[in-house]
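Got chain A sorted already, so can you dock chain B onto it with the hints?
Residue numbers (our numbering), protein chains in the order written: chain A, 1 to 202; chain B, 1001 to 1202.
Hints listed in this document are in silico derivations from the structure and should not be mistaken for laboratory results.
A short list of chain B residues far from chain A (calculated; beta carbon distances all over 10 Å):
1) A1098
2) R1102
3) G1153
4) E1191
5) R1194
6) G1197
Listed next, the stretches of chain B that the computed footprint assigns to chain A, with coverage defined by at least 3 CB atoms under 8 Å from CB atoms of chain A:
7) 1027-1036
8) 1042-1049
9) 1063-1073
If we take Cβ atoms under 10 Å as the criterion, some of the chain B residues that face chain A in the derived model are:
10) I1014
11) V1017
12) G1184
No residue lacks a Cβ here, since even glycine has one placed at the ideal position from N, Cα and C.
2 protein chains.
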Amino acid sequence: MTQNQNIADMADTIRFVLEIDKLKGILRKVKPIGDLRYENTAEHSWQIAVFAMSLAEILELSIDVNRAVAMLLLHDLGEIDAGDKFVFAQDGWEERRAAELRAVERIFGIAPARTAKFMLSLWMDFDAGETAEARFARAVDRSMPVLLNLSNGGGSWLENGVTFERVTARVGPEIEAGCPELWGYLKEQLEAARHKGFFAAS
Amino acid sequence: MTQNQNIADMADTIRFVLEIDKLKGILRKVKPIGDLRYENTAEHSWQIAVFAMSLAEILELSIDVNRAVAMLLLHDLGEIDAGDKFVFAQDGWEERRAAELRAVERIFGIAPARTAKFMLSLWMDFDAGETAEARFARAVDRSMPVLLNLSNGGGSWLENGVTFERVTARVGPEIEAGCPELWGYLKEQLEAARHKGFFAAS
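If we strip away everything but chain A, and leave its shape as in the complex, we get (with noise of 0.2 Å):
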């Protein structure tokens, strides 16, 4: 590789890491554990990351848990041009997928050839849903604001009008699949919260 081409690389990777920057002014539905503000895309992406190693350090999973890792730092860069999307949305999910993956070919395609490369098929692997890596990242992005929101007293839920059978049938089976282990404790929370009034009345 010429010279010239490294100092290139090296410049268009400094422009994809400061487009990035864009996600930290990108605010989601649930709040930091009591906090008066929401949360944004960015300082989630850090969590869920950090749950994910942790989770790894306790389960026997036979995957590649740096792989899922890189997916959840990556996956939701596409709301830099979509916005975030309440979960409970009831519809728009085609369109919404069809969006998100424009975005990130927009900006994966500002960094260099192969780390665009790279991380669009990190994306499409997480955003496809299929390998044990992205069913596993998935299940702990699906983790996270339900445990801020039974921190918060209910939280989004509440704000939202969000029902107990909602919550359960929208995120059980995706975290059931990707970390049973998991979705066995946080159905216990749920159930416990339900009797706490953490949840619309249904």
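Frame of chain A, contents of chain B only:
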């Protein structure tokens, strides 16, 4: 391992991931690009992890990149108890290091023993800065606020009266030692910024 131990480990893992939520409330001295607020340490940790992944795609690194990424995700957790310390502070660094070690021992100690041991070893590796992974990770960590300040017309350098000479003397050697290609790029950017008035007068 018994079923009861598995349940206890899952509960402790969840307690840990909820404890580290506090990192979202630790404010640093730099701001996201074009933003009025200061960035927090959780979103910073995310950005440098992705930055490290990106650099690994274009550079011929003979290191375990996944280990460097894991270090970057964890290395600032001590700030939950010890707060952020401005990189250009003149003294108090030894006390600071001890306070951060006490903090991460407390915080990792919430997680199951195996997780705590693994994470503390990553933290100590980063802190010592002797392995190639730690040197690379430290270079990435040091570079990110430089890139944000360059994108913000001087940012925390002007706000805190930091000169060009102090920036290059404080961050230059560490970035060059861990990622010489990155320092080659930044040095030129810093020189250019000097002529644009991004630093306090010498």
